[in-house]
Every structure is written in C-alpha cells, then in structure tokens.
Amino acid sequence: MLGRAAYGVYWMARYLERAENTARLIDVGFHLALTRGDKASQDEEWKSVLTTTGQLGAYEAAHKEMTGPQVFNFLLRDKENPASVLRMVEAARTNARVVRTSITNEVWEATNDGWMTLSEILSRPVRESNLGEVLTAIRGQATLVRGAMGGSMLRNDVFNFARIGTFIERADNTARILDVKYYVLLPSVAWVGSSLDNAQWDTLLRSVAGSRAYSWLNAGSMDPRDIARFMILDGQFPRSLVFCFEKIRSNMAGLAKQYGHETGAHELLRNVGARLHQTTIEEIFEVGLHEFLQDFIGKTNLIGDAIAADYRFIE
Amino acid sequence: MSAAKSIKYDEMLDEDGSVRPAYADFRNWYDSQDKAWLKRQDAEAERFFRRIGITFNVYGDDAAEERLIPFDMIPRIITAREWRKLTRGIEQRVRALNAFLQDLYHRQEIIRSGRLPIQALRNNEAFLTQMIGFTPPGAVYTHIVGIDLVRTGPDDFMVLEDNARTPSGVSYMLENRETMMAMFPELFTKIPVRPVSDYPRRLARSLRACAPPAFKGSKRPVVAVLTPGIYNSAYFEHAFLADQMGAELVEGSDLRVVDGRVAMRTTCGYQAVDVIYRRVDDDFLDPLSFNKNSVLGVAGIMDVYRAGGITIANAPGTGIADDKAIYSYMPEIVEFYTGEKPILNNVPTWRCSEPDSLAYVLDNLKDLVVKEVHGSGGYGMLIGPTSSKKELAAFEEKLRARPENYIAQPTLSLSTVPIFTKEGLAPRHVDLRPFVLVSPDGIDITPGGLTRVALKKGSLVVNSSQGGGTKDSWVLDE
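Residue numbers (the UniProt record's numbering), protein chains in the order written: chain C, 1 to 315; chain H, 1 to 478.
Pulled out of the complex, with its shape left as it was, chain C reads as follows:
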C-alpha cells in the first residue's frame, strides 16, 4: 500500500472521530449551560468546551462575546475555522477521495453521503431548537462510516491504519476532556474521593458517551476517583485510554504480522502501553492527574509521529 494512502485513511479516520467527539462536547456544553442559571457560569461552560477542543484562542480572536449559539456555530460550521465539524467532515471526505482505491465503495459512500447531508444541514445557522438534531446527524455519520468499515473492509493494512487513526484520536480526546473538565468540576483536589453533585459529574461521563456504562458498573454512585479510573483504566469501556491503547496495539500487531517486521513505533507503543497497564488510579493521583494526562497526550502524539515516519506517510 502507498505511504500516502496510509496517511489518507489514517487522517480520514481521525477527522471523523474528532468531529464526533466535538459534537458530543457541544451536546454536553449545551446541556450544562441550560441547567446553569447565571450568564457567568454559562460562559464558563462554553469556554471549557472551547478549551477542550483546543479552539479557545481561535474563537476569542474571531468573537468578542461568548454566547452559546455563537460558540456552537463556530464549532460546527464556521468555514474559517479549520477545526469546525463542517471543515473536518470535508477534510475526511477529501482524504477518502484521495484513497478512494484503498477503501470499499461502502466506506466511500458512507463518507460521501455524510458529507452531503452535513454540508446541507450546516449550510444554515444552527439554532438552539435544532441543535440536537444536528448533533445526532453528526454522530450518526461517524457511526455509519465505522459500520461500513467494519462490515466491508479486508482486515489488512488499510483497515489497520484507519483503526489506528481512530484510536489515537479517541485516546487524545478522552484525555483532553478529562483533563479540562475534571478541574472545572472539582473545586479543590481535597474533594477527590467525596461524593459531589451527581448531575454535574454525569455530564463528564456523557461527553465520552460513558454515563450509562459507568452507572451500570458502579451501581449509580458518583465518585470522582472512580470516574477517573473508569475513563483511564477500564479495559471494557471503548473510550478509556487503556481500551484505546489496547486497540492501537492490536492494529499495530496486525501491521507487523502483514509486513513481517516491527518498527520503532511498535517499541514506543509498547513502553507507553506497559506503563498505562501497570499503573493504578492511586499512583496517578499521586503524580497528579493533570501531569499524568499531559504526559499521556504528549506520548500519544509521539506515537502518531513515529507511525507516520515508519510507514512513510510522507516523503
């Protein structure tokens, strides 16, 4: 397979994953803002959505005020914002076009259909009244593409590169969400271990689509430490850091098997993965959750770079 094609499927998957996660963050932000009476804490909520997606600076450069509709329109459909859902779905589709010969018709059609539907929906300003509908459509598109991949692609290098893209992006997103939200929700580190306002913590879980799974596993008790453990270390939860790394590991193993050899990226991944698997939530809090997550985000980036270099994504 061409290095450029590997690069294309990898980024196609990353953009789709990121678009989906952005939609989920907006959903939660909107929900929280609605439940908060005063303007100041609503602003604070939207600000944290922008921070999590890494777009606070870009937003503030373009807008003076912080209103809900302005923020979610910026995140959803601003053509000047390369990280808006619209631009990412476009980028995913452009990548799919570039690698059209590597993906199946089903995957291409799901991606192209999604792009057509979403560009239509996002061609008009989104209002609070139809925000829910728009977000559902975005999540639906990502689900369709993933389903088409799972149901129609050979389990070969093309598939593995797409999956690696998905899970690198997801691991990064979960870590960011946890990092930003945790300290917004937790007034002081001393509160770790105590029971807090359930509704607020629930939103953190909802931003990684883990609310029901967590409740099911923990019989409904909301404990900040357990929530962190769940999002970082739970091997069953498909958006936890451990789960994402396990997937990256198995897809990387698939590449090594097909190509007959490992690369530097495998070595790097093994080291980071081993540390993640061996650690406990107590140790994480000892180091500091923020420090741990920052370190994790940095390492995940390095792994992505190593994969791009080892598999000749670019010359």
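Derived from the structure by calculation, the hints contain no laboratory data. A hint or two may mislead.
Partial pick of chain H residues on the chain C-facing surface, computed with a CB cut under 7 Å [as the list claims (entries may be wrong)]:
1. I230
2. A242
3. D243
4. L249
5. D254
6. R265
7. T266
8. T267
9. C268
Here a beta-carbon is modelled for each residue, glycine too, at the ideal position from N, C-alpha and C.
Assemble chain H onto chain C, guided by the hints.
Frame of chain C, contents of chain H only:
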C-alpha cells in the same frame, strides 16, 4: 464541397416516423412504461451518480467544484452489422496511427514520400524530439485510443477526431451501463446488449502485455495509474480505473527513480513499477526532460524509459498523431501505412494554412465550424451558423492573423437520438467515442463506447465542458 447539408438522420425514427428495427424492442418497452415512474427514475439517476461520486471539475468554475455530467436514460442503440463495420474501420485507423508514430520518430518515410509536408511537424509542440530514434516496448505508442465518431446517415460514420494522448470518459461508459442495469434490469433480459463491464480487466491485461520485455517474465508486471491528483477534472476516472484494475493510484510525489527503476513509496519502502498508465500530460511527465517546474511527474522517468526500465502508456509524443493539423492528412496516412482505402472517412477539412482554403473559409464562415489546431474540449472554436455578426467578424480577424492555427469543417448535420424530457422523447445530436486498447497481442475494442449528447435543442456541441450529457451506448448482439 458544400457546407451545411440539411439532411436529418434520426437513429430511432425513419423519414416516415416509424421506429427503426434497432430500436423496436426498446420502444415497445418504453411505450408500456408509466411515464410518471420514468420521471421518478430520471430524478433518481442523478442522486445515484452523486452518491457514488461521479463528478468532474470544470475549469474556471470555482463555485461548483464538482459537477455531474448529465446522464440521459434513453440508450443509444447500434446494430451488430453497424458495429462490425465500425470495428474494422477503427482497427485500421488505430494500426495506421501507431505505424505513423513509429515512422515519425524514426525514418519519416511519409515525409520523404511527400505525402505529409514537413511543415506539419515544424513548430509543433506535440512532436517530442526526446522520442526520436526510440521505440517503446512492443512498439506500441497509443495503448489507449478514443476515436470520436459522428454519423450523418444510415451508413455514414465519420471520424471527427482521434484521441491518442489520454482519452477520458471510459468511466462514464461503465457507470452509465451500471446505472441502466440498476434502474431497468428487465430491459437487459429482453434485449441482447453486448457487455462493457470487463473493460477494466481488458485494460489491465493489455497494459501488462506492454510491460518492458525484461519485466514480463515470472511475476505479474506491476501497473500503476499516475494521476495529477484530486483536483484534476478526471480524478474520479483515474481512481475508478485503478480500483477496477487492482492497480495502485499514484501521484508524482509517490514516485522516484531508485536503482534505475521508477518506484513507488509504499508503507514498506520503494517498490518498482513496470507499466505506468499516466493521466498526466507529456509536458508534466518529467521535470528533467520537459517542463522543469512540474511537480506532477517523476524526475528521471524519461531516462528509465529510454533504458527499457518502464512502459509509459500512452507513450510521450503521441499527441502529434491527434493534432488537428495532422488530422486532415489521416486519409493519406491510413493509405500509406495499411495499403488500403480508409474504411472510415474523415470529416471534410479545410486547412487554413493553404491560401485557397483560407479564401473559401473566409467566404463561407457563417456556414462552417472553425477549430484551433491545438485546442481541445470545444474551447476556442467557432460555430458559424450560431454565431453573431460580431463574433464572426472577430474570428475573421484571428483567422487572417494566424491562418495556420486553424482548420475548418462543414457544419455537419449530426444524427439525432432521442433523450428523455418532461414532455416525452425529443431528438438531440450525438457523437460516439469507442475505446480501443492496443498491445503486442492485438487491438481490442470494447463494444459501444461513450455517447455524448447535446442536451440543448438544436445544439451541436456535445462536450461535457459545454453543457453536453452522456448516454448508455448499446451494441446489439448478433
């Protein structure tokens, strides 16, 4: 020669309005269909095309990055007898084109014999000095050819243009058929239509048969399709063909010369390519030999080519054979290399470089079609009968200033085929581009080709860049 003959030939209906035999079965079927349902199918077809992403980019049209070539769902039908004659004519012409190219880049017998004036080559950018004295693997120059045919009567098919560089449109031929079979499957059980769907396999086989002899041995030759990238107007087709052939779709940036071979950058290192089906123009093929600013090609590919390390399809320099100045000599060219009279005629053509012809053209401008010698895609041409006085006057000046830059042809009364409109069937002018594959194993013509249709009533311009559409083209089985 008289311009603008006014005989009208409709391929479905004869002079009395009765349905010709070729269309009888189809017309029976059509008449028995619910028209409201047909209208819904017509609308459905466009959605189908958009979903699978068959679009083309129109140069100079930023607003609509991707557009569809309109598809008309009424098939164009050719009988087995008509097709037999066409294939003989096409085969003869394609053999002559290859022999002509081989001669032009070697001894130039045709010029020595006085059948072709040397002026036709001088100052002609399509003639590449880099190809002089070199014979491509298997002595094949035009691996893929599209011959544009027009029809003016029951037995009167004429060649309007030869496409010997990189003819496009074959993906439409395939997708049009696919769409028709999806929309009207019962038609194909009623009417014996010759299949076209194996074209990609035939293309792959034909290209592999053209691999350099040194790399034809034990393993299967590696074929790659070279595209300028996703912003090229025919990108969809490049991807489509690569996909269907099971070949890699590469861009210039994926390729480099490694150990005397052209190799592509894969996730496991560089892998040599044996045959490159390039959809990049000659000028951009190699910055070391041609346009030095090109980033679409491969630095050094021409050296590898000349050393026998790769097959380039089509060969560089084949454009000289489909140049419009050369076109007017095609009857002589066919006769010179095959020793036979051409089976397919040319459209009568005046070379404006010749004073007598120029005088005639200037006197009859309003009845003629004038084309730029090096133009393509319907750009830079004048259609006399539909042009205003002002446009005619402006063109006359251009003609006087650079007569050698133009040829002129009568405004042909192209045959018509019905299209589907809200008001029912309506005749529109068409042409036909059959696709021809050439390899040392022989010449292979896929039955049918791409029918282009002028959708505007009375219009003679079928180019997709000028608002034309396409149709499925049927060749009936014996």
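Status of the hints after comparison with the structure:
no.: 1; hint: I230; in the structure: holds, 5 Å
no.: 2; hint: A242; in the structure: holds, 5 Å
no.: 3; hint: D243; in the structure: holds, 4 Å
no.: 4; hint: L249; in the structure: holds, 5 Å
no.: 5; hint: D254; in the structure: holds, 5 Å
no.: 6; hint: R265; in the structure: holds, 5 Å
no.: 7; hint: T266; in the structure: holds, 6 Å
no.: 8; hint: T267; in the structure: holds, 4 Å
no.: 9; hint: C268; in the structure: holds, 5 Å
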